[in-house]
Amino acid sequence: MSLLRVSDVSRTFHPGGKTPVPALREVSLSIEDGETFGLVGESGSGKSTLARCVVRLEHPDAGSIVYDGIDVARAGGSELSRLRREVQMVFQDPYASLNPRMTVGDLVGEGMLIHRLERSEEARRQRVVELLTMVGLEAADAKRYPRSFSGGQRQRIAIARALAVRPRLLVCDEPVSALDVSVQAQVINLLVDMQAQLRLTMLFIGHNLAVIRHICQRVAVISSGQIVETGSRDRIFDHPQHPYTQALLEAVPIPDPKAKHHGHAEVIHANWS
Amino acid sequence: MSLLEVRRLCVDVATRAGQLRLVDDFELSLEPGDRVALVGESGSGKTVTARALMRLDPHFALSGSVRLGGTELLALKEREMVRVRGSRIGMVFQDPMDALNPLQTIGEQVSEPLRIRGVPRKEALDRARMMLDELGVVRAGERMQAYPHEFSGGMRQRVVLAMALIAEPDVLIADEPTTALDVRVQKQVLDLLEEVAERRRKLSVLLITHDLAVVAGFAQRVVVMYAGRKVEECSTMQLFEHPSHPYTAALLRALPRIDRPVDRLEPIAGFPPSPATRPAGCAFHPRCRLAIELCARERPILRPCSESGEVACHLAQPVVQAVG
Chain A
472 MSLLRVSDVS
482 RTFHPGGKTP
492 VPALREVSLS
502 IEDGETFGLV
512 GESGSGKSTL
522 ARCVVRLEHP
532 DAGSIVYDGI
542 DVARAGGSEL
552 SRLRREVQMV
562 FQDPYASLNP
572 RMTVGDLVGE
582 GMLIHRLERS
592 EEARRQRVVE
602 LLTMVGLEAA
612 DAKRYPRSFS
622 GGQRQRIAIA
632 RALAVRPRLL
642 VCDEPVSALD
652 VSVQAQVINL
662 LVDMQAQLRL
672 TMLFIGHNLA
682 VIRHICQRVA
692 VISSGQIVET
702 GSRDRIFDHP
712 QHPYTQALLE
722 AVPIPDPKAK
732 HHGHAEVIHA
742 NWS
Chain B
70 MSLLEVRRLC
80 VDVATRAGQL
90 RLVDDFELSL
100 EPGDRVALVG
110 ESGSGKTVTA
120 RALMRLDPHF
130 ALSGSVRLGG
140 TELLALKERE
150 MVRVRGSRIG
160 MVFQDPMDAL
170 NPLQTIGEQV
180 SEPLRIRGVP
190 RKEALDRARM
200 MLDELGVVRA
210 GERMQAYPHE
220 FSGGMRQRVV
230 LAMALIAEPD
240 VLIADEPTTA
250 LDVRVQKQVL
260 DLLEEVAERR
270 RKLSVLLITH
280 DLAVVAGFAQ
290 RVVVMYAGRK
300 VEECSTMQLF
310 EHPSHPYTAA
320 LLRALPRIDR
330 PVDRLEPIAG
340 FPPSPATRPA
350 GCAFHPRCRL
360 AIELCARERP
370 ILRPCSESGE
380 VACHLAQPVV
390 QAVG
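Chains as they are written, first to last, in my numbering: chain A, 472 to 744; chain B, 70 to 393.
Derived from the structure by calculation, the hints contain no laboratory data.
Mixed in with the good hints, there may be bad ones.
As the list claims (entries may be wrong) - EDC-like cross-link-like pairs, simulated, lysine to aspartate or glutamate; straight-line CA separation at most 16 Å: (1) K191(B) with E181(B); (2) K271(B) with D239(B); (3) K271(B) with E237(B); (4) K729(A) with E181(B); (5) K614(A) with D577(A); (6) K729(A) with D328(B).
Claimed, not checked - The following label-pair restraints were derived from C-beta to C-beta distances: (7) S695(A) with L143(B): 47 to 53 Å; (8) R615(A) with L143(B): 24 to 30 Å; (9) K729(A) with R208(B): 35 to 41 Å.
What the hints assert, rightly or not - Per the computed footprint, the stretches of chain A lying under chain B, defined by three or more beta-carbons under 8 Å from a beta-carbon of chain B, are: (10) 652-658; (11) 681-687.
Where a beta carbon is used, it is the ideal one built from N, C-alpha and C, also for glycine.
The following block holds chain A by itself, in its conformation from the complex (with noise of 0.2 Å):
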């Protein structure tokens, strides 16, 4: 059954006194509960903007979402508070996602406050510390500030935060896109796992096609606010239909000097036959 159902979605920007710029164009999709769908786009594609419009930090034009019988945007009451419970977003930049004056406990707590989830201070902060070992930091780690973690450190943090009220759908924006790549394949494991533990839904929204065909077991492929293809991991990188799809993935540079040259002699190939 579908998690989350994305159907006809637009939303126009209206710049003020330029001209308009429709960055979703009815867009829809389908994330069944339990699987990492992906979305896949270059800067601008829209892609962003559907993540927000999904997590309500932002309002379709048309179109609707609906998340597990809640209508996202016309949510109130109780049931915008369960989608505002369940539905948690993970940012690309864990410098501006964590507000600085908080601790660590504080902010991973801050959500099981708000939905009253633990009955006392004592139970929160015990879940705070189940959640910090979780994501691979430490009990000790709740007093200190975002400051004085790295990166990767601080989207483990994020992470915490959002697992920390128990959701359901995981929206992840360019979760690793900031990171090293030593510490990247920490996040992406991470991610993997909790999903497994936790029985997520994600949608993981990237520009990575190496890190979203590691992860994603659905891809959908969106430019210029549409969607062009949508399909499973291995038809989409490895029978990529549609021409936007396969341009995209020949751009993608191959981590190995032997690939470079066995393209260069298909090409040749191919001119002489």
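Fit chain B to the supplied structure of chain A, relying on the hints for placement.
Coordinates of chain B only, in the frame set by chain A:
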């Protein structure tokens, strides 16, 4: 004698916490026509090294030696250095918008390196137009009148490349020229860089990047930096097939690859140190799976590890066997 010879280059900066060494004993030789990649993660010192070669930051204290065609750059007066920048070493930066003046036309900016060297205005503008044309800027004549904001990211990078090349430098330093670009534009710029290098047989290109995939497609030789030090240098082929330094090998294992999907990535534990927290001994030892007691105590020096390569690791030989 190499075209560019860097020996024991150290870059120090004064901070409130005292003197900080950003680059430690860096060595590099570039021959005409070389295509070398300088790779490292953020904070590894690769950009600082490149900027030090051009002496771009007056507050950095440089020591060691940087010789370009026999001239010691570190001994030059600033007004002499001005003549080296642009004419003998050209540089392309990560963000082309930062490198361009938003209030000047493209033509003015591309021709400037020639004009300040006394080339008459008309000739300088003519050559700028030809340069832009060569680098694939369509209707170059018309576009000379345009301003940077009218260009896309990829086109801006072409303009910056034109500025770097117009005075026919011996060395081109490209610092993450494609990092801010989308994958399709990145490919265009990399192809262009390759074309430029093919056409100018004597031009030496130093490409600075954190992206190993970009390295594989462009460079013949790779220098790997970690925590301000060179830890490995070898041919590109060797780096990908038989990396000698445990850091390089671990980096390759941590990389999600579109061409070789794996079930699980192998991350490197911990995170890269900053210059202020650089561990004693081998800077990588706290994250190294193979580290022995010696690694924490003694800093390994660079030594030959293959026909063309060198590596700074106490365990270099056993590692080759274990990893290979």
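Each hint tested on the structure:
| no. | hint | result |
| --- | --- | --- |
| 1 | K191(B) with E181(B) | holds, 12 Å |
| 2 | K271(B) with D239(B) | holds, 7 Å |
| 3 | K271(B) with E237(B) | holds, 10 Å |
| 4 | K729(A) with E181(B) | violated, 40 Å |
| 5 | K614(A) with D577(A) | holds, 9 Å |
| 6 | K729(A) with D328(B) | holds, 12 Å |
| 7 | S695(A) with L143(B): 47 to 53 Å | holds, 50 Å |
| 8 | R615(A) with L143(B): 24 to 30 Å | violated, 42 Å |
| 9 | K729(A) with R208(B): 35 to 41 Å | holds, 39 Å |
| 10 | 652-658 | holds (count 6) |
| 11 | 681-687 | holds (count 4) |
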